[in-house]
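Colleague: Residue-level listing of the chains:
Number of protein chains: 2
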Amino acid sequence: MSANTTYSHVTAPTDFVEARGVRYAYRRFGTRIGTPLVLLPHFRAGMDHWDPLVTDGLASNRPVILFDNAGVASSSGETPDTFEAQADHAASFVEALDVPRVDVLGFSIGGYVAQAFTLRYPETVRRLILVGTAPRGGEQEGTHPDVPRVAQDPVLTREDFLFLFFAPSVASQAAGIAFWERRHRRTLDVDPPSSEQTMNAQTAAIGKWREQRGERFADLQQIKQPTLVVNGSHDIMVPTINSYILSQRIPDAQLILYPDSGHGSLFQYAELFVTHASRFLDAAVAFT
Amino acid sequence: MSANTTYSHVTAPTDFVEARGVRYAYRRFGTRIGTPLVLLPHFRAGMDHWDPLVTDGLASNRPVILFDNAGVASSSGETPDTFEAQADHAASFVEALDVPRVDVLGFSIGGYVAQAFTLRYPETVRRLILVGTAPRGGEQEGTHPDVPRVAQDPVLTREDFLFLFFAPSVASQAAGIAFWERRHRRTLDVDPPSSEQTMNAQTAAIGKWREQRGERFADLQQIKQPTLVVNGSHDIMVPTINSYILSQRIPDAQLILYPDSGHGSLFQYAELFVTHASRFLDAAVAFT
Chain U
16 MSANTTYSHV TAPTDFVEAR GVRYAYRRFG TRIGTPLVLL PHFRAGMDHW
66 DPLVTDGLAS NRPVILFDNA GVASSSGETP DTFEAQADHA ASFVEALDVP
116 RVDVLGFSIG GYVAQAFTLR YPETVRRLIL VGTAPRGGEQ EGTHPDVPRV
166 AQDPVLTRED FLFLFFAPSV ASQAAGIAFW ERRHRRTLDV DPPSSEQTMN
216 AQTAAIGKWR EQRGERFADL QQIKQPTLVV NGSHDIMVPT INSYILSQRI
266 PDAQLILYPD SGHGSLFQYA ELFVTHASRF LDAAVAFT
Chain Y
16 MSANTTYSHV TAPTDFVEAR GVRYAYRRFG TRIGTPLVLL PHFRAGMDHW
66 DPLVTDGLAS NRPVILFDNA GVASSSGETP DTFEAQADHA ASFVEALDVP
116 RVDVLGFSIG GYVAQAFTLR YPETVRRLIL VGTAPRGGEQ EGTHPDVPRV
166 AQDPVLTRED FLFLFFAPSV ASQAAGIAFW ERRHRRTLDV DPPSSEQTMN
216 AQTAAIGKWR EQRGERFADL QQIKQPTLVV NGSHDIMVPT INSYILSQRI
266 PDAQLILYPD SGHGSLFQYA ELFVTHASRF LDAAVAFT
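Going line by line, the protein sequences match chains U and Y. Taking the working numbering, the leading residue of the first sequence gets 16, the next gets one more, and so forth. Taking the working numbering, the leading residue of the second sequence gets 16, the next gets one more, and so forth.
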């Protein structure tokens, strides 16, 4: 790690900042200067659910900030049951850090929060990365019928993750096993699991996000930020066609779909994803 | 240009090789070693219809080969009226060059030839790049009604290209004007325009390509090569959804769609496209 970087995914201490009566847990690592990249995670996930190969790769040229939203894992408070309210918490957290402008990477339901955040706080977001996610009122066709049951298992096992996040092929499953090993490299100062309250509130928020409001996909036209949309070729949790729709409707969006992969494509193709995302974030003018 | 490169898009002399009674015109430039990348161009196009920023960018780490298929521009013979027969000519040309294995970049109808070439000569193709193209029996919805008329203008003007290859936005049109300037940098040893015979044969071939044969898209499963599929977000010649379909059906395919762009996205985002394509071609194991 170069001289101007500090900490890594495994070594960054969990820190806390207070706002709106919530004590938000977060970790910051990577370079000291540059626009920080805030990561918003998947259903029930906290700061330990990312892939160090992705977070440290992205952190090689920017500050990376992981945090637990209100009520999630190490943060206090209750998780609200809409992604708009969760986006308001994310904004309070960023404001409390005294960071004027951030890049946002939202993965899965974190991508719903990221869209709401960008729409509600357009001045705060410089660039947006949406991975394995969907617009409000998106397409459900292609969702595997076992997803809701498995995703709500009391404790998610490696086999649950291999089913939910990776394709059935030998190559994708092997990538999933490698991801699972990397994900558990941090063993000290880790998050507790998220509560049932968080799971239930996020489930309720998902239900509302799936409802259309007004003209379908009209909100997406209001996202003016350069946006990188990413998914695996065959996502059984958030069907891949939703990433195509996002890239068609957000005016300045690039789409990347990785081969033979599912919801966790950013973990399956960790190094390639870091290359693509870094190029997107680093360009002085987006898409040059 | 580094010591092991030779010639460039503008300086490469037009050379000729004979096979099956056809004298194929071609130009080779870039590095001396590495898997050559053969480029297959759009409707009516010869060797002068590429963007030097793209071809020289790709040539910085591989040999690049441009050629005129049978009957096209500087090549002798007649243009056949199926893409399968055009693929057979491409194979004869590659064999005559005594190159055992190539990468193939097919753009627009060149992508139809590239698919047929890969299916008919799977041992000859290492990796495949499909830009602004469609599978056999693809989707027509989204094609602008003026396309057939404009595309058959006796002489294609800059304004024709700006309409056909770029999005209506100020940014895309400006990129199109810059492309047009680059495309005309080569002024010596250039191709003559393609003949009416070529245009009519390619038009007939397009008609046949649009017909479904057997199970729709089943052919694509047989493309085993690592494949990069690229298009602009809103292609009015070959609707963008076809690139999504290609990436869904070819087993080992990555999709990239560029923002605010049309059929000529590789020219609009020349440097970014070269970065993405080079990463794809250079990786010892595809997609790592």
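Any given hint could turn out to be false.
[Unchecked claim] Quick list of simulated restraints, FRET-style, between CB atoms:
#: 1; chain 1: Y; residue 1: Q227; chain 2: U; residue 2: D161; range: 43 to 51 Å
#: 2; chain 1: Y; residue 1: S184; chain 2: U; residue 2: G36; range: 20 to 28 Å
#: 3; chain 1: U; residue 1: K239; chain 2: Y; residue 2: K223; range: 42 to 50 Å
#: 4; chain 1: Y; residue 1: E211; chain 2: U; residue 2: T50; range: 50 to 58 Å
#: 5; chain 1: U; residue 1: E154; chain 2: Y; residue 2: R231; range: 41 to 49 Å
[What the hints assert, rightly or not] Non-contacting residues of chain U with respect to chain Y, defined by C-beta distances greater than 10 Å in every case (computed):
#: 6; residue: E99
#: 7; residue: Y136
#: 8; residue: G229
#: 9; residue: P241
No lab work stands behind these hints, which were simulated from the structure alone. Using N, Cα and C, we set each Cβ at its ideal position, and we do this for glycine too.
Colleague: The structure should be examined with respect to each hint, and the outcome stated for every one.
Modeller: Now for the hints, and whether the structure bears them out:
Checked against the given bound of 43 to 51 Å, the beta carbons of Q227 of chain Y and D161 of chain U, roughly 33 Å apart, lie outside it. Remark: the range hint 20 to 28 Å for S184 of chain Y to G36 of chain U is contradicted by a beta-carbon distance near 45 Å. Here the CB-CB span from K239 of chain U to K223 of chain Y is close to 43 Å, well matched to the stated 42 to 50 Å. A hinted range of 50 to 58 Å for the beta carbons of E211 of chain Y and T50 of chain U is consistent with their spacing of about 55 Å.
A C-beta distance of roughly 20 Å is found between E154 of chain U and R231 of chain Y, which places it outside the suggested range of 41 to 49 Å. Distance check on E99 of chain U: its Cβ is at least 26 Å (rounded) from any Cβ of chain Y, clearing the 10 Å threshold; non-interface status holds. Every CB of chain Y is more than 10 Å from the CB of Y136 of chain U (nearest about 22 Å), matching its label as outside the interface. No beta-carbon of chain Y comes within 10 Å of the beta-carbon of G229 of chain U; the shortest separation is about 23 Å.
The Cβ of P241 of chain U does not lie farther than 10 Å from every Cβ of chain Y; its closest approach is about 8 Å, which violates its non-interface assignment.
Taken one by one, the earlier hints fail for this structure at numbers 1, 2, 5 and 9, listed in ascending order.
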